[in-house]
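In this note's numbering, the protein residues as written are 10 to 298.
Hints were generated in silico from the structure; no laboratory data involved.
Watch out, some of these pointers could steer you wrong.
[What the hints assert, rightly or not] Below 30 Å or equal to it, Euclidean Cα-Cα: the simulated DSSO-like pairs (lysine-lysine) are:
| no. | residue 1 | residue 2 |
| --- | --- | --- |
| 1 | Lys192 | Lys223 |
| 2 | Lys60 | Lys81 |
| 3 | Lys223 | Lys203 |
| 4 | Lys16 | Lys85 |
| 5 | Lys223 | Lys242 |
| 6 | Lys162 | Lys200 |
| 7 | Lys75 | Lys131 |
| 8 | Lys43 | Lys60 |
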Amino acid sequence: MQDKFHKILQKLIEKENIQSVEELQKLMDSLIGKPMPGLSELGVELTEEDKASQLVWEARDLPVDKGRRRAKKALKLNPDCIEAYEYLGDSYSYYDKRQEYLEKGVEIGRRIFGGQFMKENKGHFWLVPETRPFMRCLAGLAECYYGPGQTHKAIEIWEEMLRLNPGDNQGIRYVLLPALLEKKELAKYEKHRKEYDEGTAMMEFSDALYLFMKNGDTSESVSRLKSAISNNKFVPRYLLAEYPPEEFPFTYSLHSEEEAIIYAGYAWRAWLWAEGARDWLRKVWRGAK
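Work out the full structure: start from the sequences and follow the hints.
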């Protein structure tokens with residue numbers, strides 16, 4: 010896990026008193042091909058925060074019940090351990106319990122990373138490794154709102170995340186844009202879409218729906234939809250299904266069925282609730298076969 014790597018690397022840099030790029034490169038080279046050591050194996054004094062992080066890393070390799078006990082032990086060492094709240098939230102599949110833990114992680118993150126830290130780092134939060142558990146808690150909390158239909162609350166969090174990290178390493182734009190169409194927030198869609206110049210299938214299908222919602226069945230909207238279908242032929246089948254996908258793949262590649270499943274999981278309601286959109290999609294899709 011990247012968080013673990015960064016924390017251990019930081020401890021090694023402090024231990025070895027690294028002062029130059031050359032010394033850092035030498036240290037990095039020495040780690041190649043070797044298993045990543047635990048914090049307790051570094052021969053440095055560990056803080057309570059370090060020990061708590063170590064317990065959460067261990068929890069991720071244990072069965073859920075044991076992992077939860079390990080994460081709660083971490084919270085006794087460090088009540089502000091956002092990683093522990095992230096793990097506990099992710100360990101539950103039902104929304105209310107997930108939300109309970111993720112809200113706590115978000116609350117702590119907003120407190121710890123507010124004030125001067127916010128002034129100095131807003132705009133590139135993800136590039137500061139210690140913020141990543143907080144950013145993942147935000148993403149998880151937004152999903153807790155979005156799943157049961159509290160889309161407006163999810164949108165607020167997703168927009169907050171893009172203000173903190175416009176580079177969007179987490180791919181928040183792919184879930185925010187369909188959500189804005191779901192709520193018929195076309196002006197906001199235009200604003201956020203301009204910030205990301207890309208032509209992936211996820212973007213193209215949302216662009217096609219946006220054009221249809223704004224201007225109807227026009228040559229421009231049809232052209233964009235045909236381009237989207239050419240980009241990923243699997244998407245229409247999932248958007249036209251009776252229900253949205255229940256499970257998401259862990260990873261995906263462009264133009265793949267996995268990409269289609271992920272897009273439909275977030276955009277299915279937008280296409281369903283835009284009057285006439287699915288009939289239009291079906292007609293264009295059949296004509297494109």
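Enumerate the violated hints, using their earlier numbering and listing them in ascending order. Violated hint: only 7; rest satisfied.
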